[in-house]
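Asker: Each chain is listed here by its residues.
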Amino acid sequence: MTEPLLKVEGVETYYGQIHALRGIGFEVRRGQVVTLLGANGAGKSTSLRTISGLVPAKRGRVLFEGEDITRVAAHRIARLGLVHVPEGRRIFRGMSVEENLDLGGFTVAEEEVRRRRREAAYAMFPILAERRASDSSLLSGGEQQMLAIARALMSEPKLLLLDEPSMGLAPRLVQEIMRTIRRLNEAGTTVLLVEQNARMALRLAHYGHVLETGRIVLSGEAAALEKDESLAKAYLGGGPRNEGVAAAG
Amino acid sequence: MPLYEVLLQQFANGLILGSFYALVALGYSMVYGVIKLLNFAHGDLYMTGAFAGFGALSLFSGWLGGGWGGIVPAILFSMVAVGALGVIIDRVAYRPLRQAPKLSVLITALAVSMLLENVALAFTGGQYTAFTTNLGFAGVDLGMVHVTYTQMVLVGASVVLMVVLELFVSGTMHGKAMRAIAIDQDACRLMGIDVDRTIALTFLIGSALAAAAGVLAGVYYGSINFFMGFLIGLKAFTAAVIGGIGSIPGAMLGGILLGLLEAFGTQIPGVGSEWKDVFVFAFLILFLVFRPTGLLGRPEVERM
Ligand SMILES: Nc1ncnc2c1ncn2[C@@H]1O[C@H](COP(=O)(O)OP(=O)(O)O)[C@@H](O)[C@H]1O
Ligand SMILES: [Mg+2]
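Chains as they are written, first to last, in my numbering: chain A, 1110 to 1358; chain B, 3 to 306.
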């Protein structure tokens, strides 16, 4: 078997005294969508932050393309092609849509390449093209999320970490974001997706892991997890709801 | 002198003063923008710049002359040397404290300020150093108002530096990165931006601008001393607050406004020039109370 794109082994992370990750391990293979599920405070965001180098792991290892990146600085990890779209979008408010995209392509050496990718982003998200000169903080929540994703795509990442891209969005927009993620994946981008909206994430993912207070308590193929009784009770909001936007947690 | 000539004279004085304030305010504001530090040592970099320029001019004037032919290389030398000093100060004094409480960094900045002042004091013995050039007083007469070519070049040089800065900050990737780290450092890291290096770049540029202002002020006033950075540091801070601290166009605007305000303030009947500093700092207090975001500043963006 080929080596996984991302391998997380026994990772433990602290915020001061708070033991946020108590030893988690999983893999992401090329071409997959893998999802991390769990209630608020379970450690989903901390997992992504540890992988992308924003917070240091106290113990354990993170391997990207076989290379140990556990102690590598965040900006160097991004340059390796592992790009993290953080919770809350974190666009550069006060800067224009176009400047936000340019910054996503900061590591692109040639201006011409950056320009081409910007146009590709506008083709993918026409609403951003219309607002290219406006202050990004004036965009709606859905548009800001699209900008955050488009900005991350500017460096053509090998692995995209997405932290709750559907947070705070209207159902129609959630569907659109999910379709976008599927399209990206079909075009070859590997995705590690964090969601509270478990039902929807599992419909998109190949594989899922459920976190509870810093530990993985359940793992499996997405299709199997979707049918799992205990998971259904805990995270899928009980009975079957087919609109696919049942908020969990 | 007729009133309009008095006003014209004060306008010229205010513009020169204001362009010095603006150049110093820029560095103050840029550094505040990226690491939220009031760099109290910034005014002393202006002073250090004046001395570096003086030293360079003493060396160069032998074969380049004491006119602009010697002054321009002296300015460039001073900008490079003091720019490097700014980077070293950040690396040695501020960077180790990035995660420390703001107060610790503030106190460190005061210490750096005292260090620079006292080194200069030790070298000069507290004496004024004559900053001699042979620029002369040729210029243009507008009625009884005489504006020298030197004064015009001083304002022109400041404007050129500010235009170059604006082009850099809005047009280049490193300039955009500088503005972006003022907004969200972690988001920058996730884009592959080296935040420490970008902060160092901010210190480099801010310190170099202060150094340029220091040399220009030496040329203008004809003498420099170890304490010359103290008051201008406070005034540049005032200018930065008036313009909107963290905002680059704001620092330019605030600097020019403050220079004009100070020049015209001395002309109000009953307000002699000994009151000009009172005038300036009264404005600082008014702005801090009624419009703390300044003229062009935006309210602090809440992080999610
Ligand atoms: N910056 C922080 N400082 C201290 N504790 C934190 C911080 N961020 C998260 N935590 C704690 O770490 C645990 C995991 O949080 P998080 O990873 O954000 O969970 P999730 O993303 O699953 O909602 C929680 O107990 C949370 O309170
Ligand atoms: Mg979270």
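Read the hints as simulated data drawn from the structure, not as lab findings.
All figures in this text were calculated on a predicted structure; none of them were measured in a lab.
Please note: incorrect hints may appear among the correct ones.
The calculated lysine-lysine pairs, modelled on DSBU-like cross-linking and capped at a C-alpha distance of 35 Å, are [claimed, not checked]:
no., chain 1, residue 1, chain 2, residue 2
1, B, K104, B, K278
2, A, K1336, A, K1267
3, A, K1116, A, K1167
4, A, K1167, B, K104
5, A, K1267, A, K1116
6, A, K1167, B, K38
If you anchor each label on the Cβ, the simulated ranges turn out as follows [what the hints assert, rightly or not]:
no., chain 1, residue 1, chain 2, residue 2, range
7, A, A1218, B, A102, 33 to 41 Å
8, B, W65, A, E1174, 52 to 60 Å
9, A, G1119, B, L169, 49 to 57 Å
10, A, E1219, B, V82, 26 to 34 Å
11, A, E1330, B, V94, 37 to 45 Å
12, B, P294, A, A1333, 35 to 43 Å
13, B, T295, A, Q1126, 31 to 39 Å
14, B, A102, A, H1128, 23 to 31 Å
Cβ atoms here follow ideal geometry from the backbone N, Cα and C, with glycine treated the same way.
Asker: Decide, hint by hint, whether the structure agrees.
Answerer: Checked hints:
1. B/K104 to B/K278: 32 Å, holds
2. A/K1336 to A/K1267: Roughly 30 Å separates the two Cα atoms, so the pair holds.
3. A/K1116 to A/K1167: 16 Å, holds
4. A/K1167 to B/K104: 26 Å, holds
5. A/K1267 to A/K1116: Given pair A/K1267, A/K1116 holds - Cα atoms ~14 Å apart, limit 35 Å.
6. A/K1167 to B/K38: 29 Å, holds
7. A/A1218 to B/A102: 33 to 41 Å: 35 Å, holds
8. B/W65 to A/E1174: 52 to 60 Å: Holds, since B/W65 and A/E1174 (Cβ atoms, about 58 Å apart) stay within the stated range.
9. A/G1119 to B/L169: 49 to 57 Å: 50 Å, holds
10. A/E1219 to B/V82: 26 to 34 Å: Holds - the Cβ-Cβ distance for A/E1219 and B/V82, about 29 Å, lies within 26 to 34 Å.
11. A/E1330 to B/V94: 37 to 45 Å: 54 Å, violated
12. B/P294 to A/A1333: 35 to 43 Å: 57 Å, violated
13. B/T295 to A/Q1126: 31 to 39 Å: Since the Cβ atoms of B/T295 and A/Q1126 sit about 37 Å apart, the hinted range of 31 to 39 Å holds.
14. B/A102 to A/H1128: 23 to 31 Å: The hinted range 23 to 31 Å holds for B/A102 and A/H1128, with Cβ atoms some 24 Å apart.
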